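> Chains A and B supply the protein sequences, listed in that same order.
Just add 23 to wherever you are in the first sequence, counting from 1, and you've got the working numbering.
Just add 23 to wherever you are in the second sequence, counting from 1, and you've got the working numbering.
Take the hints with a grain of salt, since some may be wrong.
Using 27 Å as the maximum straight-line C-alpha spacing, the simulated DSS-like pairs for lysine-lysine come out as follows [what the hints assert, rightly or not]:
id: 1; chain 1: A; residue 1: 143; chain 2: B; residue 2: 208
id: 2; chain 1: A; residue 1: 162; chain 2: A; residue 2: 445
id: 3; chain 1: B; residue 1: 229; chain 2: A; residue 2: 31
id: 4; chain 1: B; residue 1: 283; chain 2: A; residue 2: 229
id: 5; chain 1: B; residue 1: 269; chain 2: A; residue 2: 31
id: 6; chain 1: A; residue 1: 208; chain 2: B; residue 2: 208
id: 7; chain 1: A; residue 1: 229; chain 2: B; residue 2: 285
id: 8; chain 1: B; residue 1: 54; chain 2: B; residue 2: 74
id: 9; chain 1: A; residue 1: 283; chain 2: A; residue 2: 31
id: 10; chain 1: A; residue 1: 162; chain 2: B; residue 2: 269
id: 11; chain 1: A; residue 1: 143; chain 2: B; residue 2: 229
id: 12; chain 1: B; residue 1: 54; chain 2: A; residue 2: 269
id: 13; chain 1: A; residue 1: 229; chain 2: B; residue 2: 156
id: 14; chain 1: B; residue 1: 196; chain 2: A; residue 2: 229
id: 15; chain 1: A; residue 1: 291; chain 2: B; residue 2: 229
id: 16; chain 1: A; residue 1: 445; chain 2: A; residue 2: 283
id: 17; chain 1: A; residue 1: 156; chain 2: B; residue 2: 229
id: 18; chain 1: A; residue 1: 269; chain 2: B; residue 2: 31
id: 19; chain 1: A; residue 1: 208; chain 2: B; residue 2: 196
id: 20; chain 1: B; residue 1: 445; chain 2: B; residue 2: 162
id: 21; chain 1: A; residue 1: 283; chain 2: A; residue 2: 156
id: 22; chain 1: A; residue 1: 55; chain 2: A; residue 2: 74
id: 23; chain 1: A; residue 1: 196; chain 2: B; residue 2: 156
id: 24; chain 1: B; residue 1: 229; chain 2: A; residue 2: 162
id: 25; chain 1: B; residue 1: 143; chain 2: A; residue 2: 208
id: 26; chain 1: A; residue 1: 229; chain 2: B; residue 2: 54
id: 27; chain 1: B; residue 1: 229; chain 2: A; residue 2: 283
id: 28; chain 1: B; residue 1: 291; chain 2: A; residue 2: 229
id: 29; chain 1: A; residue 1: 285; chain 2: B; residue 2: 229
id: 30; chain 1: A; residue 1: 229; chain 2: B; residue 2: 162
The set of hints was computed from the structure by calculation and includes no laboratory data.
Bear in mind the structure is a predicted one, so any value in this text is a computation, not a measurement.
2 protein chains.
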Amino acid sequence: MTERTLIKDLAAASDGAISVSGWVDTIRDQKKVQFVVLRDESGATQLVHPKNFAEDGTPLADELADTISALTVGTFLTATGELKHDERVKLGGVEIKLDGLAVVSEAAVSPIAEDSSGDKRMDWRFLDLRVPKNSLVFKVQTTFLHALRTYWVERDFIEIHTPKLMASASESKAELFEVDYFERKAYLAQSPQFFKQMAQPAGFGKIFEVGPAFRADPSFTSRHATEFTSVDTEFSWIDSHEDVMKVHEELLVAGFQAIKDKHGDEIKALYDVDVVVPTVPFPRVPLAEAKRIVAERGYEVPRADDDMDPEGERQIAAWALETYGHEFVFLTDYASSIRPFYHMRHEGDAALTNSYDLIFNGVEISTGAQREHRIDVLIEQAKEKGLEPEELDFYLDFFRYGVPPHGGFGMGLSRVLMLLLKMPNIREATYLFRGPTRLLP
Amino acid sequence: MTERTLIKDLAAASDGAISVSGWVDTIRDQKKVQFVVLRDESGATQLVHPKNFAEDGTPLADELADTISALTVGTFLTATGELKHDERVKLGGVEIKLDGLAVVSEAAVSPIAEDSSGDKRMDWRFLDLRVPKNSLVFKVQTTFLHALRTYWVERDFIEIHTPKLMASASESKAELFEVDYFERKAYLAQSPQFFKQMAQPAGFGKIFEVGPAFRADPSFTSRHATEFTSVDTEFSWIDSHEDVMKVHEELLVAGFQAIKDKHGDEIKALYDVDVVVPTVPFPRVPLAEAKRIVAERGYEVPRADDDMDPEGERQIAAWALETYGHEFVFLTDYASSIRPFYHMRHEGDAALTNSYDLIFNGVEISTGAQREHRIDVLIEQAKEKGLEPEELDFYLDFFRYGVPPHGGFGMGLSRVLMLLLKMPNIREATYLFRGPTRLLP
Chain A
24 MTERTLIKDL
34 AAASDGAISV
44 SGWVDTIRDQ
54 KKVQFVVLRD
64 ESGATQLVHP
74 KNFAEDGTPL
84 ADELADTISA
94 LTVGTFLTAT
104 GELKHDERVK
114 LGGVEIKLDG
124 LAVVSEAAVS
134 PIAEDSSGDK
144 RMDWRFLDLR
154 VPKNSLVFKV
164 QTTFLHALRT
174 YWVERDFIEI
184 HTPKLMASAS
194 ESKAELFEVD
204 YFERKAYLAQ
214 SPQFFKQMAQ
224 PAGFGKIFEV
234 GPAFRADPSF
244 TSRHATEFTS
254 VDTEFSWIDS
264 HEDVMKVHEE
274 LLVAGFQAIK
284 DKHGDEIKAL
294 YDVDVVVPTV
304 PFPRVPLAEA
314 KRIVAERGYE
324 VPRADDDMDP
334 EGERQIAAWA
344 LETYGHEFVF
354 LTDYASSIRP
364 FYHMRHEGDA
374 ALTNSYDLIF
384 NGVEISTGAQ
394 REHRIDVLIE
404 QAKEKGLEPE
414 ELDFYLDFFR
424 YGVPPHGGFG
434 MGLSRVLMLL
444 LKMPNIREAT
454 YLFRGPTRLL
464 P
Chain B
24 MTERTLIKDL
34 AAASDGAISV
44 SGWVDTIRDQ
54 KKVQFVVLRD
64 ESGATQLVHP
74 KNFAEDGTPL
84 ADELADTISA
94 LTVGTFLTAT
104 GELKHDERVK
114 LGGVEIKLDG
124 LAVVSEAAVS
134 PIAEDSSGDK
144 RMDWRFLDLR
154 VPKNSLVFKV
164 QTTFLHALRT
174 YWVERDFIEI
184 HTPKLMASAS
194 ESKAELFEVD
204 YFERKAYLAQ
214 SPQFFKQMAQ
224 PAGFGKIFEV
234 GPAFRADPSF
244 TSRHATEFTS
254 VDTEFSWIDS
264 HEDVMKVHEE
274 LLVAGFQAIK
284 DKHGDEIKAL
294 YDVDVVVPTV
304 PFPRVPLAEA
314 KRIVAERGYE
324 VPRADDDMDP
334 EGERQIAAWA
344 LETYGHEFVF
354 LTDYASSIRP
364 FYHMRHEGDA
374 ALTNSYDLIF
384 NGVEISTGAQ
394 REHRIDVLIE
404 QAKEKGLEPE
414 ELDFYLDFFR
424 YGVPPHGGFG
434 MGLSRVLMLL
444 LKMPNIREAT
454 YLFRGPTRLL
464 P
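Bound-form chain A, shown alone (with noise of 0.2 Å):
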């Protein structure tokens, strides 16, 4: 490897010898002194290197002055030079003065600016993500997901990949993307639904998934993506959809804790956003009386069907920010007209399920539910949906050779990301985003 000291490191190096490597962020070229920020993944420093003149103040001739001079923004090069410390200096106290510099890559002028279109923004991507700002939502991604994972492993879940590649819709044929295989078709997996339920009957106890999942969904939203990251847990021997929670809700605790210790200063810099890591219990309020409720604020949310609409969400997120302080709220006990048919229904009334939206800071991050594992009322609850038991054999057989009490829940990964911080959709909190129209780069 080149021997380079990572820049968020040189305020604790000594003086003297170091070497820097990343790309231009700006060139100041003065007359007598000519300056170089430097970036990396992990910050900028300043590159000074004072110009040579003769006694008389005639320029001398200076290579090093030349190569700086001939510098595009964002070339990719090696610093060498003397590291010196000195707190006037605003970029981290410290500033490198040059020995040498050896340019790795050259860049071209850079075709977007920071004005430029989302769409454009899109195209260039790589570029984009070369601003701090942008690209912290992968380092929080990377934190969230291992504390997630952390939390997981220490329990005893185990991690499954389900095939993306599937005989038939694991949702709703409306939203399926065909691949042609083979001799057939295949489609792709909407969720991994079907598939972290197998692995109950298998008696694999607890397991847990983040991987892609897939809607040929042609909206055009802030929230929507035809390909996103699902984060999946299932376990067994729950007694209803209040354990489901219990999990989520403690998996949120443990993400949003190592979030705020890790990059909390960086979020409140850069997205003037002071994450809030959640106490427990969340607030619960079944779907019914959160629409009394929204209503009771003058909002009637115009469905005809017994769902929320976004603007109810938002809502309801309002009131709860501001009866329990809480950014997060479980909407509860969804009515079975509106859930798919392998939720739990009530016992007793089979109008409502033991299922539950979560609402994050306005917007529906994850759905969870109790699963109906009885085989007979499985197979009613399928028909009563208009599905035809013969084509979900495969699933319905899961059922069929004994299967523990189980439920679980799927959230995705970028809506948790935007909406922690606060960013006006989803395409910026995905690396590449794919939507009907995006399928590049």
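Got chain A; can you put chain B on it based on the hints?
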């Protein structure tokens, strides 16, 4: 949650009232006493019920005995009773004298048995996975990946999720799955190659990803699948592929150490395999030399090109084991003719690349390389391979605006697990295998 004790915790629990939940493994319904072996995700234990008799030996009414007699193998239930430590009990030195038994989900007779064909076992994968030997691989997988991710996270690697929907091929056009994508065609990513490289000009420094990759490979071998989990990493500022190999072997040491610590005994018991934590450095052999060594052992690789073949890989692995006592061997410096256009070539000898394959127990598990980051050289190499630079334009752009030298590797997760546990084929190491004729369950 159901208040249950995990079976693995029974030995350490005090005698007295206890509740366990799991599925029926075996039933011995004897004249005077009934035994049920109950299994959960953590182990198996014996439930015992002495039947009720009058003093004269006449059987008395015994509802519990009737319930037990009616049990079927695979049925999920919750058992309550008195835990008793008794070293005469072979199964864990404890048994539970039953007070009650609540059947949760009755099982139909399993369609598979120990001697069922591999194909039939795959049809009923969820039942096959109830066998502890078959599920152990996923516990090992969990531990392995967590150790790798911990290595990465502790060293500030960033986790990314690259899109699996692409506008063009990432590797070869031959093994590409085509997707109907709204009004056009998309393709499933054969690897995250292009997009993990994108993180380098984006200034991410070091990244990792664990996710699915897709190959429309029609072959039916013991080590191929149409969908597999790829373990990928890529990082900047390397001097050569040697830097990639160093990270690679450190990761494997961390992963294997964690596996040995957590599962060594169980792997020995169920697979009769001693987990060997490899020593560093792993042996490194340039491919040309490897072919000479193999030839000296009496095997001439029957290929017209410069590549190895599976038997050659087995031979060189046997040689490395004999010579160095090492289960791993890096084959380095592959010929440019058999490597993709994006591998960097030797300075001064364009016939060879800065690349390697990693062989583990005789089979290739990974390819790594330094990437060509000089745009002019990269375009030349693409043309030489018969590719159209126009089609690759979005990828070539990554190199036009500055890019650091970088490299990385991709590694097949199930291959590592298969070879570690000396399994006969990759299907056993995959949660749900996908092959040319296998899309179900």
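> Is it true that the CA of residue 162 of chain A sits at most 27 Å from the CA of residue 445 of chain A?
Holds, at roughly 16 Å.
> Given the hint that residue 269 of chain A pairs with residue 31 of chain B, does the C-alpha gap stay at or below 27 Å?
holds (24 Å)
> Hint check: residue 269 of chain B vs residue 31 of chain A, CA-CA at most 27 Å. Holds or violated?
holds (24 Å)
> Is the hinted pair residue 196 of chain B and residue 229 of chain A satisfied, with a Cα-Cα distance of at most 27 Å?
violated (39 Å)
> Take the C-alpha atoms of residue 229 of chain B and residue 31 of chain A, compute the straight-line distance between them, and say whether it is at most 27 Å.
With a Cα-Cα distance of about 15 Å, the restraint between residue 229 of chain B and residue 31 of chain A holds, given a limit of 27 Å.
> Keeping to a limit of 27 Å between CA atoms, is the pair of residue 143 of chain A and residue 229 of chain B held or broken?
This hinted pair holds, its Cα atoms lying about 26 Å apart.
> Holds or violated: are the alpha carbons of residue 143 of chain B and residue 208 of chain A at most 27 Å from each other?
holds (22 Å)
> Need the status of pair residue 208 of chain A, residue 208 of chain B: alpha-carbon distance at most 27 Å?
holds (15 Å)
> Holds or violated: residue 285 of chain A and residue 229 of chain B, Cα atoms, limit 27 Å.
holds (18 Å)
> For a C-alpha distance cap of 27 Å, please report whether residue 196 of chain A and residue 156 of chain B respect it.
Violated, because 37 Å separates the two Cα atoms, which is more than 27 Å.
> Decide if the proposed pair is consistent with the structure: residue 229 of chain B and residue 162 of chain A, CA atoms, cutoff 27 Å inclusive.
holds (11 Å)
> Does residue 291 of chain A pair with residue 229 of chain B here, judged by a C-alpha cut-off of 27 Å?
Distance ~24 Å between residue 291 of chain A and residue 229 of chain B Cα, so the pair holds.
Hint compliance for this structure: hints 12, 14, 23, 26 are broken, all remaining hints hold.
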